[in-house]
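The residues making up each chain are set out below.
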Amino acid sequence: MILYDAHHLAPCYAVRLLAGCLGVTLELEPLDVYPGHANQTEAFLALNPLGTLPVLVDGPCIITDWLEALAHLALTHDRAWFPAEHAALIGWLGMARDLGASAGAARLIDTFGAPGDAAAARAQANALLDEVERRLWFSERGFGERIGQDWLIEGPHPSIADLACFVFIAPCEDGGLSLRDRPALRRWCDRVRFLPGFVSMSGVFPPMANTGR
Amino acid sequence: MSGLQPGVWYAIAAEHDLPKDHVYRTMLGGHELAAWRSTDGAVHVWEDRCPHRGVRFSLGEVVGDELRCQYHAWRFGKTGACTFIPAQPDLKVPRTIHAAVWPVALSAGLVWSGIEPTGAPPELPPGAVLRAIPIARAAASVAHALVKEPLSGLALVLQPLDETATIVRGIALDDDLVRADHALLALRRRLEQAA
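Same order as they appear, the protein sequences are chains A and B. Counted from 1, the first sequence has number 156 at position 156 by the working numbering; the numbering is strictly sequential. Counted from 1, the second sequence has number 139 at position 139 by the working numbering; the numbering is strictly sequential.
Quick caveat, the hints were computed from the structure, so don't treat them as lab data. All values derive from a computational prediction rather than experimental measurement. There may be inaccurate statements among the hints.
[Said to hold, decoys possible] Derived EDC-like pairs: lysine to aspartate or glutamate, alpha-carbon spacing no greater than 16 Å straight-line:
| # | chain 1 | residue 1 | chain 2 | residue 2 |
| --- | --- | --- | --- | --- |
| 1 | B | Lys20 | A | Asp150 |
| 2 | B | Lys78 | B | Glu66 |
| 3 | B | Lys78 | B | Asp65 |
| 4 | B | Lys20 | B | Asp65 |
| 5 | B | Lys20 | A | Asp190 |
| 6 | B | Lys78 | B | Glu116 |
Next comes chain B alone, as it looks inside the complex (with noise of 0.2 Å):
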């Protein structure tokens, strides 16, 4: 689906978007994601979708080491598996109702997931983690400008949303996020208004 190449790992958050108790959303090659960290400071990459009702898992809340689903409160706990049905307090909750588990790593201060991803994420120079700029462009549009017209001093890895948008991630070699930002968002300017 859109361009995930399987084996490959994707930035899909910096770790600065995981605070205590906020489940973060995002999206990799058309499939919806929820992040969120336990005490451990562990973080969980989940398709954002309960597994009872199909609601976002997003529009959640973190209960220490759970999430909790906005829609029946469904707990489930840092394996994926659901803990607690508050309709049924009584009932062992069958192994089988479990939210999908995608694979994480953490490097560079970002945060990686994708489909079987093998061996460890692309090593990235040391810096400051940039804030992540969207662009609606598909990525291969976005990867082709920044190979004709590199921004200088910075490591960009790109987050393919769907077909028709990637988000740009990355770290700024001289920690200067504010240039940085400036030549993102001349970049999304220039592949936006292009015809």
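Next comes chain A alone, as it looks inside the complex (with noise of 0.2 Å):
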């Protein structure tokens, strides 16, 4: 499989992220999109007209969208990334998407020049980081964390949806946001971090000595 990839995009990082932890080995294409535009070039677009990245090739499947890609990988490696019956699966991932246009967004606005309204994403990224802080504590059967429910979807398993939102979660803080006064996100963060194949980004620091735990 082949990823076209920038390294400091999020969604490039989730797919990163899900290989590492499904222990699939991608074949990484570079792209320099920054300050290059290599994602504008006519050879890109003839695989990807929206030009966005990461795009996913496996065999004659191209995906251009990361959320489909990281679908995609789950589907075809390990099921247990992907809990269909739980309706909130659809809820996460719009969830993923929203963070992206505003976490992410601040991120990109702040580090990479570029275009937006910086105060307007972070006062969105605001409102959905509190959201998520109050769902890890009050998931639907009771009190999160402390009922031992770890992940944002019910079960003993983390889910696309858990590396979805971490991946604009955990690097928040370059966008101007904090994670401060947020704690139980903190150690979801944590948790995401030891899981077995994580791999790291820029702004994201792996685990140094908890790993293989």
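Join these two chains into a complex; the hints should help.
This is the structure we're talking about:
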């Protein structure tokens, strides 16, 4: 499988992270998006007319949506990451896309000079981060973490929703947001970081000591 | 700095905020703090700053009974003393290299600290420990609002973050955490939307 990739883009990171957790080796095709605009060349636009990254190519299958790429990897390698019986999966993937348009946008505006309204992005992100924090406490059946509910979707296994949200939440301080007063989010980030196969990106600290437990 | 009274215990975390192998991060009166648990269950509250290069301890990791800084992996033991410097493995670490340690007390399911606090932390009635709610208002404003319109069934304490923000913590006497959360979020909206 080939991943057209840019290291600093959170949606590309999400695909690399899931591949790491699944133990799948991707053939990376790095593109110089910033500052080179390699995603606007005719060759790349022929692959993905939207010019967005990542693009996952699996044989004849060309996937240009990052959430679809996560679903594809999970469905073809380990369905435990794709809990289709939970309607919440749809909600959380929507949340991830909204986090991308807010927390993710603020990070790109602040660190890569992307166009956009950083203050508006942060206001929206703060509302979403507060809501994820609240839901980590009050899962539908009780009190989240305190009844052993470690992940966004009920059950013992993390899902693609956890990773899709993580890639925007973990580096959110680069976009002028803060996790300081969101202790449940910080603990959940730790749980993701300690997953076997975890990989990092710029702005996301890898675990040092507690790997492999 | 920012209205912290010496001699007073402030709740800075709930005990459930401090699972094994986690470094909790907060602020008290403008002081950045990191808290973690050693293997004996004891809680340690330190200034959130490695004495080496000033990187936040809360970016680091708990390794058994030591806290390891993310930057150069210097390790600090339960007393706050530096125990190991990886770049100089044969060095006997000078005793002067030390994390800034804050007082700590555990009571009513909460973790308390402060500047030279005296006596025991305030007594709270039995009940369930609430989820902490940050409010972007000074502690005095939050306290004033709670005096004017007390929230029934809740025993609340305030953690001044800095001059502009406060965390509300406490106990739900009837164990109804959902109701308590709604009440605190409503308080937050009321205060933050007021001019």
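Assess, step by step, whether the Cα of Lys20(B) is no farther than 16 Å from the Cα of Asp190(A), and give holds or violated.
-> Distance ~11 Å between Lys20(B) and Asp190(A) Cα, so the pair holds.
Given the hint that Lys78(B) pairs with Asp65(B), test it: the Cα-Cα distance must not exceed 16 Å.
-> holds, 7 Å
Given pair status - Glu66(B), Lys78(B), alpha carbons within 16 Å | holds, 6 Å
Holds or violated: Lys78(B) to Glu116(B), with C-alpha atoms at most 16 Å apart | Violated, because 19 Å separates the two Cα atoms, which is more than 16 Å.
When you check the alpha-carbon spacing of Lys20(B) and Asp150(A), does it fall within 16 Å?
-> holds, 14 Å
Would the pair Lys20(B) and Asp65(B) pass a check requiring their Cα atoms to be no farther apart than 16 Å?
-> Given pair Lys20(B), Asp65(B) holds - Cα atoms ~11 Å apart, limit 16 Å.
When the structure is compared with the earlier hints, a violation turns up for hint 6 alone.
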